[in-house]
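Spelled out, the chains give:
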Amino acid sequence: MAQDDFDVRLTDITKRFGDAVAVDNISLSVRRGEFFSLLGPSGCGKTTTLRMIAGFEHPTSGELRIRDRVVNNVPAFKRETNLVFQQLALFPHMDVFDNVAFGLQIKKLGKQEIRTRVMRMLDVVQLEGFDRRRVGQLSGGQQQRVAIARSLVNEPAVLLLDEPLGALDLKLRLQMQLELKALQQRLGTTFIYVTHDQSEALTMSDRIAVMNRGKVEQVDAGREIYLRPKTAFVARFIGETNLIRGIVRSCGSGEAVIEIQGLSLRIRTSLPLNEREEVDVSIRPETLQLQSRAEDATHHNGAANAFPARVTGVTFFGSTLRYQMTLPSGLVVDAQRLAGDATIFAVGDEVIVSVRPDGPVVLRDADGAGA
Amino acid sequence: MFLLAPGLLFLGLLFAWSMWIMLRYSFYSYDGGNLTKDWSLESWRRFFSDRFYWDILWRTAKLGFTVTAISVLIGYPIAYALTRIRRQRLLVLMYVMIFSPLLVSVVVRSYGWLLLLGRQGFVNQALTSLPFIDEPRRLVFNSTGVTIALVHILLPFAIFPMVSVLTQLPPSLKEAAMDLGATRLQTFYKVVLPLSMPGIIAGAQIVFVLSISALVTPLLLGGGRVFVLSKLIFQNITELNWPLAAVQAFVLLGMALIILAVFSRLNRATYAARGSD
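Protein sequences appear in the order of chains A and B.
Under the numbering used here, residues 1 to 371 are what the first sequence spells out, in order.
Under the numbering used here, residues 372 to 648 are what the second sequence spells out, in order.
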């Protein structure tokens, strides 16, 4: 891959604040025109990473490139990036037009050009006619658009967004997510988006870097991260899962048999496992199938990955149902089924719970999962 | 509201009552050292027709503007620096230092300045030790000494409102400006300075009003040579020319009100775009 395909490239970046390690030796490459998210819980180092790209923090070690230029010690005002702040940070003493025009005025562009570009950008973010409004008179969503326009009008190589939708209510947030994604696709600008909200990241991103404790756990498309998590942390953080400890009984030719509390589970996996190795198994609730034990018992008893269980809890979520099931060994797993299913189970029902071999994911301990 | 009532009543009544008395006195007659309650416009006429009084009025305003300008110019960097100090102990120490002039009585403080600024004082000794100054400078018993001493005592009043505005300024605004390409200097002129105007103006208003009405400092450090309106008022009161003193007091009050209004106007103009947030 040519260097040119990447707008931002972090190589072995570490950031320390005194004794605390905020970002621990991470490497990331963000492709040109990509919507890239940094996702993780608070304190995982995602915001520090973004602020290093913006130029407000400088890496303790490692190399940071933006469009093929090493920018480790380049100050923020000389970078081809623009940041949309979490607190928006609109200038309260200026109107909408002057806020958006700020960057262009600093660059000393001609009055006419500034006017044209600001007006076009206000059009893009659907704020035409708002140019002479005071910032304080705008709603949360409108202020959000001004902040995005103020950054995008400078035509940055990379637009950085630090949880900009956090302050909005849920409905507006969902709407802005779709708008942001559409805007990014229309303009083709590289976006790097920081969020702790997994659904936000899944909705908008081309790729997501999941961060935890200053490290990057996995970088992949949202679908991959959900279906094929590489670490227990990723499996737990994105979506819901049953995370169960087991021992490798046998392995080879893309399949392994994992023993979990006396039950043998056949799982498709490409991990190079060793026999007797302890691993985590992640089973998404929606991959579990449920069948009444009375109905057609003979057919299922011999099938692979099918085990008797008893329903010990049912929760209704609207379109879905969540069953809590207890296996004879005492193991408790959650299964999720559609509320419109033909058979609905109740607490106390005896069932057969089964899962296809490509449903669960085998995970090694975080430390051993470097590959 | 109920909690405010006693205080407001006290202040309001006292103000209205004293204003009323002063207004009446300004229309009484003063003749050859005697105060009579004869209705007369003489004091008003005398003040506004005598160039001497206009001159004093101008000097008073000039002193006020000078002290205000210097206090703001020195005070703003101090206020800015204070907001950047992270260590709590150092911060407390700085505040104590800045407010220390207020802990000393005006008489002691003024004599301190006399000693420092006199012909044989520390400042002149330091100055004459410089190669290009061979004569001691006259620093007291003129407006220089009065200005220095007034700035000293009024500086805290300038700093305090500016600190309070600057600490409320979100750091993300400065970062946003730099992110959009502004250098530190541009960030200061385009974002920090305009947003600190309310504090600067509030500080300037307080300093101006206090400096034009200061009496003891101009009296002691002016050594009888610095004429300001407050000194004339004091003189007229001791000479029992209360009508003229009342007129002069009203003029002083009027000047303060006009300047306050102009400053407030300025504040609104610079901050018009602030909106309702």
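Misleading hints may appear alongside valid ones.
[As the list claims (entries may be wrong)] Below, a list of computed lysine-lysine pairs in the BS3-like style, where the Cα atoms sit at most 25 Å apart:
| id | chain 1 | residue 1 | chain 2 | residue 2 |
| --- | --- | --- | --- | --- |
| 1 | B | K433 | B | K408 |
| 2 | A | K108 | B | K545 |
| 3 | B | K545 | A | K107 |
[Said to hold, decoys possible] Here are the computed distance ranges between Cβ atoms for each label pair:
| id | chain 1 | residue 1 | chain 2 | residue 2 | range |
| --- | --- | --- | --- | --- | --- |
| 4 | A | S139 | B | I445 | 38 to 46 Å |
| 5 | A | K108 | B | L461 | 38 to 46 Å |
| 6 | B | G378 | A | K108 | 24 to 32 Å |
| 7 | B | L540 | A | E63 | 51 to 59 Å |
| 8 | B | M465 | A | K108 | 34 to 42 Å |
Don't read these hints as lab results, they were simulated from the structure.
Fair warning: this is a prediction, and the values are worked out from it, not measured in the lab.
Idealized CB from N, CA, C, for every residue including glycine.
Is the gap between the beta carbons of A/S139 and B/I445 within 38 to 46 Å?
-> 43 Å, holds
With a cut-off of 25 Å on the C-alpha distance, tell me whether A/K108 and B/K545 pass.
-> Holds, at roughly 19 Å.
Taking the beta carbons of B/M465 and A/K108, is their distance inside 34 to 42 Å?
-> 39 Å, holds
Within 24 to 32 Å or not, the Cβ separation of B/G378 and A/K108?
-> Check failed, 54 Å falls outside 24 to 32 Å.
Quick one, are B/K433 and B/K408 close enough, alpha carbons at most 25 Å?
-> Status violated; Cα separation ~35 Å.
Is the straight-line distance between the alpha-carbon of B/K545 and that of A/K107 25 Å or less?
-> 17 Å, holds
Note whether the CB distance of B/L540 and A/E63 lies within 51 to 59 Å or breaks it.
-> 34 Å, violated
Measuring from beta carbon to beta carbon, are A/K108 and B/L461 in 38 to 46 Å?
-> For B/L461 against A/K108, whose Cβ atoms are near 40 Å apart, the range 38 to 46 Å holds.
This entry does not satisfy hints 1, 6, 7, going by the numbered hints stated previously.
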